[in-house]
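Visitor: Single-letter residue listing:
4 protein chains.
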Amino acid sequence: MGKLTVGIIGAGRIGRLHAEHLSRNVRVSIKMISDVFVTDELNSWATDLGVGRVTNDYKDIMQDPDIQAVFICSSTNTHVPFITEAAQAGKHIFCEKPISLDYRQTVEALEAVQKAGVLLQTGFNRRFDHNFKRVRELVQNGTVGQPHLIKITSRDPAPPSLDYVKVSGGLFMDMAIHDFDMARFVSGSEVTEVYAQGAVLVDPAIGELGDIDTAIITLKFANGALGVIDNSRKAVYGYDQRVEVFGSEGSVGTNNDFPNTAEISTKNGIIRDNPKFFFLERYHDSYIDETRQFIDSVLNGEKVPVDGNDALQAEKIAFAAKRSLSEGRPVKLEEVK
Amino acid sequence: MGKLTVGIIGAGRIGRLHAEHLSRNVRVSIKMISDVFVTDELNSWATDLGVGRVTNDYKDIMQDPDIQAVFICSSTNTHVPFITEAAQAGKHIFCEKPISLDYRQTVEALEAVQKAGVLLQTGFNRRFDHNFKRVRELVQNGTVGQPHLIKITSRDPAPPSLDYVKVSGGLFMDMAIHDFDMARFVSGSEVTEVYAQGAVLVDPAIGELGDIDTAIITLKFANGALGVIDNSRKAVYGYDQRVEVFGSEGSVGTNNDFPNTAEISTKNGIIRDNPKFFFLERYHDSYIDETRQFIDSVLNGEKVPVDGNDALQAEKIAFAAKRSLSEGRPVKLEEVK
Amino acid sequence: MGKLTVGIIGAGRIGRLHAEHLSRNVRVSIKMISDVFVTDELNSWATDLGVGRVTNDYKDIMQDPDIQAVFICSSTNTHVPFITEAAQAGKHIFCEKPISLDYRQTVEALEAVQKAGVLLQTGFNRRFDHNFKRVRELVQNGTVGQPHLIKITSRDPAPPSLDYVKVSGGLFMDMAIHDFDMARFVSGSEVTEVYAQGAVLVDPAIGELGDIDTAIITLKFANGALGVIDNSRKAVYGYDQRVEVFGSEGSVGTNNDFPNTAEISTKNGIIRDNPKFFFLERYHDSYIDETRQFIDSVLNGEKVPVDGNDALQAEKIAFAAKRSLSEGRPVKLEEVK
Amino acid sequence: MGKLTVGIIGAGRIGRLHAEHLSRNVRVSIKMISDVFVTDELNSWATDLGVGRVTNDYKDIMQDPDIQAVFICSSTNTHVPFITEAAQAGKHIFCEKPISLDYRQTVEALEAVQKAGVLLQTGFNRRFDHNFKRVRELVQNGTVGQPHLIKITSRDPAPPSLDYVKVSGGLFMDMAIHDFDMARFVSGSEVTEVYAQGAVLVDPAIGELGDIDTAIITLKFANGALGVIDNSRKAVYGYDQRVEVFGSEGSVGTNNDFPNTAEISTKNGIIRDNPKFFFLERYHDSYIDETRQFIDSVLNGEKVPVDGNDALQAEKIAFAAKRSLSEGRPVKLEEVK
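First to last, the sequence lines map onto chains A, B, C and D. Using the numbering used here, the first residue of the first sequence is number 7, and each one after it goes up by one. Using the numbering used here, the first residue of the second sequence is number 7, and each one after it goes up by one. Using the numbering used here, the first residue of the third sequence is number 7, and each one after it goes up by one. Using the numbering used here, the first residue of the fourth sequence is number 7, and each one after it goes up by one.
Worth flagging that the hints you see were computed from the coordinates, not collected in a lab. Among these hints, one or two may not hold up.
As the list makes no split between identical chains, a pair holds if one copy fits it or if it spans any two.
Unchecked claim - 30 Å max Cα-Cα, derived DSBU-like pairs, lysine-lysine:
(1) K240 / K37
(2) K273 / K139
(3) K139 / K240
(4) K273 / K343
(5) K139 / K328
(6) K282 / K139
(7) K273 / K172
(8) K103 / K328
(9) K121 / K343
(10) K309 / K273
(11) K282 / K240
(12) K121 / K37
(13) K65 / K282
(14) K338 / K328
(15) K240 / K172
(16) K37 / K9
(17) K121 / K172
(18) K343 / K9
Whenever a hint applies, use it, and build me the whole structure from the sequences.
Guide: Put into structure tokens, the structure is as follows:
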């Protein structure tokens with residue numbers, strides 16, 4: 007294997023996270039990072055990391071012939087144009103989820119990718135989590151038999167800012183989309199129908215923005231299994247991310263990850279520390295793995311582990327959930343066009 | 007407190023279970039037990055237990071002026087006439103669930119009870135389980151705050167016989183009814199809407215009888231919370247009975263009960279024995295407690311811990327679930343008449 | 007099987023406990039209970055339980071030809087004379103542990119039993135605990151292979167009264183004696199050498215009485231295994247009773263028993279309730295089982311599950327531990343005469 | 007903070023491990039690595055990592071004036087001369103444990119360090135483990151109160167090669183030395199007395215070399231606490247590393263680390279995967295942390311987190327344990343000269 011030259015678009019939290027992991031990958035050279043706001047702090051951070059250049063124009067990346075792959079870590083509304091542009095420039099693409107908030111646009115972006123013959127990986131990092139990978143494995147190798155029930159718990163420690171909520175695309179598209187992908191990943195089957203219940207129980211201001219903060223979403227799968235996802239924007243005890251697959255031969259369930267295993271026995275009960283706080287802690291290793299596997303796939307000319315269709319399917323489920331909630335009825339995936 | 011003289015109608019599994027527990031209660035005298043089939047074995051069992059008399063005519067119990075309370079442990083289709091008759095005879099009543107498979111009939115039976123001014127307890131024994139009582143307590147005392155999500159897992163180790171399935175009233179009325187009651191019990195709120203998904207994944211013969219063996223049922227509660235119950239007729243690892251209540255200040259979840267705490271570390275993994283096999287093992291103590299509390303309530307002239315309305319509400323949810331499944335839409339409880 | 011007529015000597019906590027369990031055993035008739043202090047309360051309790059007669063003279067029991075078996079639940083200093091007397095009267099014997107605080111006397115009591123040809127069971131109730139039975143089973147059936155390390159944790163929630171400490175025979179004879187028996191029970195091997203470390207860390211008043219409240223006792227077994235017991239008179243979180251057997255093919259460890267399985271997630275951590283408080287709660291079922299098995303053994307003329315030699319061996323280990331502590335060196339069991 | 011230039015002596019498993027972690031530390035430059043065997047593979051590995059130079063003569067490192075700190079990762083018998091030489095050359099030192107197998111020599115090495123005024127950190131990496139750090143913290147902050155009992159379980163998945171056993175210094179010096187340090191670390195107190203039991207239960211060949219493979223070591227601490235360590239060279243279920251500190255206000259115990267949290271329910275029981283296999287997996291992060299903290303300490307001119315005295319004390323306990331085993335009696339630390 008040789009070395010891959012990459013560019014990163016967007017130097018926010020997630021762009022920097024990828025940059026740090028890529029900088030430790032001996033098969034990667036980060037030639038450029040772009041952000042609309044270039045500060046001294048960003049320059050200094052990039053230098054420390056060995057990033058070749060910082061620019062405020064993403065086009066510098068698109069037009070650099072050395073750059074073989076781009077990481078699109080900018081805001082969701084830029085994903086479709088950037089994917090299209092990168093594809094046309096013949097660059098492989100790693101793009102954060104979701105691709106877009108509009109089904110038609112996502113389809114068009116994927117068509118551009120296909121036409122260009124480049125690879126596109128989407129940022130469903132949870133597929134690389136040690137717990138969920140093990141669940142998938144135990145379903146695939148038949149340990150739990152034929153899946154009957156898929157259960158996913160996904161609760162954030164605290165709601166995002168209201169500013170973020172406004173542009174997030176809503177709980178289904180912003181938060182549950184990871185769970186929709188997880189449902190497909192662990193079941194090994196497509197979702198065919200969705201029924202969503204939602205409520206505003208955490209913060210009325212979220213409701214005023216037309217969004218919900220609590221949800222129970224039931225699913226039907228092509229293989230006959232039934233599923234359910236529960237979401238909350240606020241679990242006071244921290245990030246709660248668990249999966250259970252129950253099947254004809256058994257069941258597998260996962261717990262959260264904890265910062266340590268200490269069990270403290272006191273006169274007030276047996277106590278352990280709260281789970282790892284949020285996604286940066288919990289999914290630390292899965293972020294490393296997803297970029298490493300993307301790099302390997304590109305260098306080896308192999309299929310990426312999570313592709314554009316995976317993004318599209320999860321988005322479809324999110325659209326169906328949205329419609330289900332607004333119309334108060336189960337919605338079939340085939341209704342989403 | 008004095009002593010209570012009781013009669014038991016039905017000497018099947020559950021009738022004998024209650025008889026055995028009552029026989030160890032120093033405040034109870036079992037004067038009579040009736041069953042349509044009186045065998046030598048039954049007589050001998052009754053003698054060992056100190057039961058006064060065995061009869062093949064339940065009317066002997068109804069007409070005995072000494073008998074202050076009756077336990078109705080006969081088949082579901084006899085519950086309504088027996089409740090009515092016992093009420094008219096001025097006897098307090100303990101009746102197994104459900105009261106009937108017909109909403110109108112259940113209402114009439116409860117009216118007869120009310121008119122007679124006798125006490126009626128229904129057999130939702132799980133309310134007396136050490137785990138679920140603790141969940142209820144932690145909700146009631148505010149530890150988990152305002153409930154947002156109620157999750158109930160209820161899976162049998164193996165499906166009942168097809169003969170039983172035929173007369174059972176279906177999965178919702180026969181099996182999930184316990185979970186509907188549990189949902190009300192732990193949430194402290196009424197269910198207002200139900201959406202049920204069902205599937206036949208365990209045994210096609212169950213489907214041929216018009217029943218299902220796998221279900222995910224979502225609930226809306228009057229207090230704004232959302233809920234979900236998942237059911238299966240066959241968990242190969244044994245009886246699976248867990249509850250989780252997630253709220254604004256925290257969450258409480260319960261695990262199954264196990265025959266021991268031994269954790270066995272081998273080269274093939276860390277293993278523990280399967281959960282207690284089925285309801286007789288898991289709910290052993292809760293059956294004792296429910297009869298003990300019924301006896302205490304009658305002797306003290308106090309309210310029973312689970313009354314006729316509790317049965318009616320659970321049945322209503324079951325009717326709504328049935329309609330939801332057949333019509334493929336969420337059904338409001340107020341639609342059930 | 008017929009019915010066994012028994013008498014109980016001593017109506018303190020443990021005598022009454024056995025009486026209650028025996029009263030629920032359909033194969034037992036309690037003809038008499040004796041205590042040096044007969045109160046109205048005792049009479050009323052005995053009547054409720056269906057005990058035939060209360061006497062203040064244990065000889066009434068010894069001399070009653072109907073009584074086939076006696077439960078010796080009086081203070082330790084009476085065990086040897088009562089065992090001897092009961093044996094001579096041809097009665098089978100259940101005796102609480104220890105038989106005596108003097109090796110010679112215990113041997114003499116056992117000789118009297120042997121001479122009379124009666125059965126003697128000693129009160130090592132923990133052998134009937136669901137957890138420890140399972141450990142024994144997994145050792146016996148080879149799951150853990152050849153035992154290498156035996157570890158026993160045994161900590162009380164609070165020290166006994168100083169008055170009790172004075173007559174208790176000391177921590178080794180009073181408290182650790184259960185663990186010495188457990189070591190033999192789970193390892194399936196005899197102890198050959200003991201080294202004991204002791205400290206007074208809980209209450210200096212215990213030290214002033216010449217006793218200790220904290221100990222670590224290491225053991226060597228005839229089968230080559232090594233063992234360790236740790237004791238404390240005060241675990242603020244409650245009764246702590248765990249065992250681990252590590253062997254060539256694996257390991258088995260047990261946890262405490264808990265009043266429920268609820269796991270409470272709060273912003274301050276994940277909490278569960280403290281273990282069952284003390285021996286009456288934790289060993290509730292094992293007390294029932296030990297008396298039931300004694301009754302069965304006597305009625306069937308079979309060997310009892312825990313016999314006089316088991317008591318003698320545990321006492322021998324206690325003597326060796328005591329000597330080890332006072333002489334500051336490992337002591338071989340064969341040194342105890 | 008600036009950057010620290012380091013040299014590494016020994017390119018075996020542990021030398022390379024440190025090199026890899028140091029290569030990712032932006033404040034470190036690895037100027038040289040030495041090994042008696044320089045192969046193409048080593049050269050290529052070093053190049054990939056960005057190591058300046060590979061040499062077969064450690065003196066090149068000692069004599070390079072740019073090198074401010076050395077990592078001594080060569081065999082134990084070289085530690086004392088290399089420490090002495092590095093100290094005389096004014097270089098800060100990170101040295102693997104133990105410093106030597108001879109008490110006098112360790113003392114002399116530490117004197118050389120002190121005279122030179124350089125920093126010396128020793129490789130007790132387990133102090134940086136997330137679990138044990140938390141235990142230490144809970145002892146230090148008073149959560150468990152005054153420590154009464156310290157329990158350490160430390161079992162390897164498989165014995166080392168017999169060739170290694172020969173030069174290892176024996177189980178106490180090679181394996182238990184980590185536990186001796188852990189005992190001091192979590193208790194916050196010095197060990198004053200040791201009693202060791204040992205056995206050959208895993209492999210007779212280990213016994214033929216004069217070593218043991220199974221041990222139970224009891225400890226007395228200056229603060230009055232009692233302790234026990236159990237060791238085995240072979241736990242078939244994998245690396246077993248647990249600690250418990252029991253005190254006047256509570257107790258804290260840790261479990262092993264696992265590769266995932268999946269709990270698999272099957273008809274044969276509830277199963278989870280074995281713990282992380284061995285020290286490279288289990289202590290992965292603690293190795294990173296110990297080097298990072300050493301670098302920080304040197305750059306900041308601060309005390310190192312584990313110093314020479316820590317090594318000396320652990321070695322002293324190992325000597326005492328060895329003598330205890332051979333003389334069959336408890337040995338006071340003050341006897342070790």
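Visitor: Each of the hints needs a verdict: does it hold here or not?
Guide: Evaluated hints:
no.	hint	verdict
1	K240 / K37	neither (39 Å within a copy, 49 Å between copies)
2	K273 / K139	between (38 Å within a copy, 22 Å between copies)
3	K139 / K240	both (26 Å within a copy, 26 Å between copies)
4	K273 / K343	neither (59 Å within a copy, 43 Å between copies)
5	K139 / K328	within (28 Å within a copy, 37 Å between copies)
6	K282 / K139	both (18 Å within a copy, 16 Å between copies)
7	K273 / K172	between (46 Å within a copy, 28 Å between copies)
8	K103 / K328	within (17 Å within a copy, 38 Å between copies)
9	K121 / K343	within (21 Å within a copy, 59 Å between copies)
10	K309 / K273	neither (55 Å within a copy, 35 Å between copies)
11	K282 / K240	within (15 Å within a copy, 32 Å between copies)
12	K121 / K37	within (26 Å within a copy, 49 Å between copies)
13	K65 / K282	neither (38 Å within a copy, 46 Å between copies)
14	K338 / K328	both (12 Å within a copy, 21 Å between copies)
15	K240 / K172	within (17 Å within a copy, 45 Å between copies)
16	K37 / K9	both (12 Å within a copy, 24 Å between copies)
17	K121 / K172	neither (34 Å within a copy, 58 Å between copies)
18	K343 / K9	neither (40 Å within a copy, 57 Å between copies)
Hint violations for this structure: numbers 1, 4, 10, 13, 17 and 18, all remaining hints satisfied.
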